[in-house]
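> Sequence:
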Amino acid sequence: MADSDITILGETVSLGESKTINMEIARLHTMNKLKVPIIVERATEDGPVVLFCAGLHGDEINGTEIVRQLIVRKINKPKRGTIICMPVINIFGFINKSREFPDGRDLNRVFPGSQRGSLAGRFAWHLLHEIIPHIDYCVDFHAGGASRFNAPQIRIVPNNPELRALADVFNAPFTLYSKNIAGSFRNACGRLGVKVLLFEGGKSLDLNPVVTREGVKGAKRFLAHLDMLNPKKNAKPAPVPSVYIERSVWIRASYSGLLQNLTSVGKLVEKGDVIALITDPFGKSEHALKAPHRGYIINGNDAPIVYQGDAVFHITSKLEE
Numbered sequence: 001m002a003d004s005d006i007t008i009l010g011e012t013v014s015l016g017e018s019k020t021i022n023m024e025i026a027r028l029h030t031m032n033k034l035k036v037p038i039i040v041e042r043a044t045e046d047g048p049v050v051l052f053c054a055g056l057h058g059d060e061i062n063g064t065e066i067v068r069q070l071i072v073r074k075i076n077k078p079k080r081g082t083i084i085c086m087p088v089i090n091i092f093g094f095i096n097k098s099r100e101f102p103d104g105r106d107l108n109r110v111f112p113g114s115q116r117g118s119l120a121g122r123f124a125w126h127l128l129h130e131i132i133p134h135i136d137y138c139v140d141f142h143a144g145g146a147s148r149f150n151a152p153q154i155r156i157v158p159n160n161p162e163l164r165a166l167a168d169v170f171n172a173p174f175t176l177y178s179k180n181i182a183g184s185f186r187n188a189c190g191r192l193g194v195k196v197l198l199f200e201g202g203k204s205l206d207l208n209p210v211v212t213r214e215g216v217k218g219a220k221r222f223l224a225h226l227d228m229l230n231p232k233k234n235a236k237p238a239p240v241p242s243v244y245i246e247r248s249v250w251i252r253a254s255y256s257g258l259l260q261n262l263t264s265v266g267k268l269v270e271k272g273d274v275i276a277l278i279t280d281p282f283g284k285s286e287h288a289l290k291a292p293h294r295g296y297i298i299n300g301n302d303a304p305i306v307y308q309g310d311a312v313f314h315i316t317s318k319l320e321e
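Using full-length UniProt numbering, the first residue of the sequence shown is number 1, and each one after it goes up by one.
Honestly, the hints are just simulated from the structure, not real lab data.
Since the structure is predicted, the reported quantities are computational estimates derived from the model, not experimental observations.
In silico DMTMM-like cross-links for lysine to aspartate or glutamate, where the CA-CA straight-line distance does not exceed 20 Å:
#1 Lys35 / Asp103
#2 Lys77 / Glu45
#3 Lys79 / Asp136
#4 Lys267 / Glu246
#5 Lys35 / Glu130
#6 Lys79 / Glu45
#7 Lys220 / Glu45
#8 Lys179 / Asp168
#9 Lys232 / Glu17
#10 Lys77 / Asp5
#11 Lys97 / Asp59
#12 Lys97 / Asp302
#13 Lys74 / Glu17
#14 Lys195 / Asp227
#15 Lys35 / Glu11
#16 Lys232 / Asp46
#17 Lys220 / Asp136
#18 Lys267 / Glu321
#19 Lys33 / Glu11
#20 Lys217 / Asp168
#21 Lys74 / Asp46
#22 Lys195 / Asp136
#23 Lys220 / Asp168
#24 Lys19 / Glu45
#25 Lys74 / Glu45
With the sequences and hints as input, model every part of the structure.
This is the structure in structure tokens:
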């Protein structure tokens with residue numbers, strides 16, 4: 001629950017106000033200013049503070065599109081409380097179409113950062129000290145990397161009933177139990193008492209309308225649950241409950257070659273199903289890649305060429321009963 005005023009980077013936003021605050025931590029090597037917009041929308045009635053953010057990895061632009069749609073469609077104008085949107089956190093990586101910061105570091109592995117550390121570390125430090133202290137809930141949008149396409153899914157830490165209830169509300173097609181990673185944004189926020197849902201969907205440097213729709217619909221259900229959704233908007237219930245995943249494993253390529261994908265992400269496959277072919281480019285060999293057991297394909301490699309040992313599919317190995 002926010003105070004009557006919120007102050008971020010020296011700028012105060014009162015109840016009923018809207019303001020875009022530009023976060024400037026460093027300049028480009030050309031000395032050009034680089035601003036990270038923080039879009040704050042506050043209702044006249046106090047209430048929870050929700051952060052919708054994306055682009056911790058600069059090449060994961062599907063999350064940016066989800067947050068952009070929340071803004072354009074005015075879903076970010078709350079009935080009560082405060083909604084803060086940051087469509088692109090790693091603006092450096094976004095410009096360069098790169099996952100990392102210019103210093104080569106993964107921003108999502110350097111939290112809590114340092115005020116006098118590396119560029120990524122300084123950025124992480126300012127996020128945690130200037131923005132996160134105001135936040136009650138956060139939905140952090142990501143996409144798969146290295147040509148790997150994620151089915152729309154929410155990730156939460158296990159054994160947390162409150163996060164489980166929020167994941168039920170968001171109701172992505174899949175919900176995956178995963179432990180926090182040291183140095184991650186999710187881990188740092190959790191330590192500060194912020195309730196975080198991590199959304200994964202799509203792949204890097206790609207926009208997928210199905211993933212975008214799932215992200216937007218889930219965000220609307222999330223806000224409706226908190227009694228924050230703009231009364232002009234409707235939150236439709238999901239047609240089926242989310243599939244909860246306790247464990248999953250990677251299916252790896254046994255051969256190098258051209259990858260001929262024969263299945264779709266999100267599909268339930270049976271043990272022994274041929275889910276891909278790996279062929280040589282000269283028409284002499286063709287190797288079938290089979291499902292090792294029954295499960296849902298929650299991630300698929302869209303790369304046209306794979307090497308022996310490359311991760312090709314992520315398949316569920318144990319579902320919550």
